[in-house]
Amino acid sequence: MQSKTPRRPGELVFNLFVIAASLFLFYSAYGIAGFDALSSAGAIPMITTALMTLCGLLILRENLRKPSITAEKIERDILPMPVIVTIIAIAAYALLLKPLGFIPTSFLFLLGLMKLFSGRSWAFSIAAAAGSVALIYVIFRLIFTVLMPQGVVPESEILAAIGHLLGGAK
Amino acid sequence: MMDIINNFLIPFLDIKLLSLVAVGTFAGIYIGAIPGLSVTMAVSILISFTFSWDVYPAISLMIGIYMGGVYGGSRTAILLNIPGAPSAIATALDGFPMAQRGEAGEAIGITTVMSFFGGLVGIIVLATAAPSVSAFAIRFQPRDYMLLAVLGILLVGSLSGDSLVKGVFAGAMGLMIGSIGLDPLTMDQRFTFGSTAMMGGISFIAVMIGMFGVSEALIQLHSMKTPGVKQVINRIVPSFGTIRKYLPLSLQSSAIGVIIGALPGTGGDIAALMAYDHAKRITKNPEVPFGKGAREGLVAPETANNAAVGGAFIPMMTLGIPGDSVTAIMIGALFIHGLHPGPMLMVEQPHMFWFIVGCLTLANVFMLIFGLTGIKIFVKVVEMPRTVLIPLILLLSIVGAYAVNNSLTDVYWMLGFGVLGYFMRLYGYSLGPVILGVILSRLLDDNWRRAIISDQESLPRLLHGIVTSPLSLTLFLAVIFIFISKTPLWAMIRRARA
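Residue numbers (our numbering), protein chains in the order written: chain A, 1 to 170; chain B, 1001 to 1498.
No wet-lab data here; the hints were simulated from the structure.
Bear in mind the structure is a predicted one, so any value in this text is a computation, not a measurement.
Do not rely on the hints blindly, as some may be mistaken.
Stretch by stretch, here's where chain B covers chain A in the computed footprint (C-beta under 8 Å, at least three residues) [unchecked claim]:
| id | stretch |
| --- | --- |
| 1 | 11-25 |
| 2 | 29-42 |
| 3 | 76-85 |
| 4 | 91-101 |
| 5 | 108-116 |
| 6 | 132-143 |
| 7 | 150-164 |
Ideal Cβ positions, reconstructed from N, Cα and C, are used throughout, including at glycine.
Using the sequences plus the hints, can you model the full thing?
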């Protein structure tokens, strides 16, 4: 049952978080029906959260026995800047999606991340982001007909105008 | 019999379904091949886009992607020494040395033809064995289903990740996530914390996309600048003599693949490694040593991992128990389309079973066609830089999570589970048991309650029922054995016997 891999930076903190969350969830599961009956709505939630807590404690015991990796750094190997920026970017995307709409938000999201990750010119990043948004729009909005917030771009009017033009061309 | 043939032929005769299987297989090959994209990720994102479709087109597309993806992983294993999927790890051992010798085309040709054979054997076994397994499973008691669910989670937990404890933790977490919302029997609130938004539970798709899409993309950010390796492609279609020479090994590997694939918790990756090991043991004098580009080292794992697809569908379709995370997601897809895999599926909707067998067969044929053509374009596509690919995967994940309920809450859930999954991966927790837990939560909960109510809320009576029923006892002993085999106690017993 024991693992021979050394302990990575932040592993103990994550482990403690897991135990705290499991304990809290166990308390919440107890609140569903207490020890009312084995067939109550809270029985399986109590068993699973108790199991989570027990496993969390066993993992903690294992972690405390393991030597830590000294060569790894938390800011380089666990939470490097690109990961933090990406998490913030996804949260920002969710915040901006309704007010700005799908097309501008997606373009800004891709442009920012592509520029940051590739380190290439603005022209490349703009072209790659615009091309990708266009492709995703065609596939998912037009073919799969997925509804996305329109926001500041008058999408339906543009689509209607294109449809009108194509219809007129016929 | 005519019904079976008619349903089997539906995807062959309907041009729309035929095209969807073709498109899915084609896309699956690329998805499986591009490092950073996985079949699990693709199918989970795809569910969110196809959930409003009719069931036949949605299933056709997903099966194509699944079948193509399992095969596609071998491409980059051969060309770049980067397995596109875990099931292609063994392929890289001899495939890449062949490519380095300038035989990349031949290696791809052999893997394609052998994958086709393996896939075909898997499908034949599925079609012949599933009805009998299903007929047998109708006699299962609720306690048997409960034990089967525990067995499935325990097997997946014990075979992946750092340790059994982490696997059990992940499985329990999945069961907990699956129980969030209103209890369907008593309407009690479970883990809702008074929020009306949580009464319907957390979107399974948001959990899945977060765990497999976002967390994988975040992990890929650690190795964004990995340079690509350019390859020259020569002759692709293998000669008839080559195929005939390796056919016996291919059939043996298919048998390994089907059996391993049919066991809950073991999928194409384990089947491929076991078949590779088998090939090493039975091939006395390979033309080229194993690990240096032996053709047998390509034939065995590639046949086995595609045969495992048909094998994995047996417990999935007949018992409703997914074997691994990909089949867990396929079950999720079937649920979303109103189907309930399990023994009653064969009784109530046998047409669906034969339709799926038809789709698998068709996808296998398309895999052969696409596998032997268009390799030059393929090489260009897989060289796409990760710096462009990762933001695209993230955008698709967000759109996918949002599209199901048009809800930003689902995007936040996806992000939350993505970050949680990221840390779990970093610290050696496997994510397969989480998704398996979410899928099996309802099955386990319902059957536990049915079993304990029928035994008048008495644990001793339930245990008595288990030990007096041969099937329940077998399942119970299997659970105990798997658990003990992963403890230091088992290691001590083995040392003492040695």
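Verification of the hints:
1. 11-25: Since three or more residues must qualify, the claim that chain B covers the stretch 11-25 of chain A holds, with 5 doing so at under 8 Å.
2. 29-42: holds (count 9)
3. 76-85: Holds: 5 residues of the stretch 76-85 of chain A have a Cβ under 8 Å from chain B.
4. 91-101: Coverage by chain B holds for the stretch 91-101 of chain A (5 residues, Cβ < 8 Å).
5. 108-116: holds (count 4)
6. 132-143: With 3 residues in contact (Cβ-Cβ under 8 Å with chain B), the coverage given for the stretch 132-143 of chain A holds.
7. 150-164: violated (count 0)
Checked against the numbered hints above, the structure violates only hint 7.
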